[in-house]
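Colleague: Assemble the whole structure, with the sequences as input and the hints as a guide.
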Amino acid sequence: RGVPPEYVQWLRVKLSGRKTRLKFDDYTSDLFDIVSGIDQGCPLSVILYAFYNSDLIDSAHTAEGETAVGSMDDVALIVTGKTFTICHGKVRKFMDRPGGAMDWSTSHNSAYSLDKFGLVNCKAQPKRIGLGPALRLTSGTV
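Anchor point for the sequence shown: position 123 equals 123 in the UniProt record's numbering, and the numbering is continuous, going up by one each time.
Each hint can be trusted.
Here are the simulated DSS-like cross-link-like pairs (lysine-lysine), alpha carbons at most 27 Å apart as the crow flies:
id, residue 1, residue 2
1, 116, 90
2, 82, 93
3, 93, 123
4, 116, 93
5, 82, 123
6, 90, 123
Bear in mind the hints are in silico, worked out from the structure with no lab data behind them.
Modeller: Structure below.
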């Protein structure tokens with residue numbers, strides 16, 4: 001992505017060897033390794049998330065009616081089609097195809113939580129708007 005190697009190395013050092021412990025009430029855990037993520041409140045997080053999510057956002061096939069946009073750790077996928085069935089098929093394809101969102105999730109140690117997914121079905125005829133059918137994905141229904 002064109003990031004100078006010195007920046008990458010500096011970040012690698014910054015994020016390696018980190019440990020933490022959990023404390024609440026009368027409990028204190030043993031130290032354990034932090035394997036992913038950035039420090040809470042780190043001013044670099046906005047910039048780093050742009051790089052982190054970029055492969056996922058770039059995996060949308062705009063020629064096939066897919067558009068992905070992101071902000072921090074949130075990504076929105078917008079698809080267009082003549083029917084809800086066609087649109088839901090495009091969402092499924094984006095999620096499940098090789099190199100798609102599920103592969104990205106695995107390779108980035110970032111599990112999706114369907115209870116945080118939002119689905120908005122829109123029709124071209126506003127007078128006949130309904131919620132539309134549920135979207136069935138491999139890992140659940142939205």
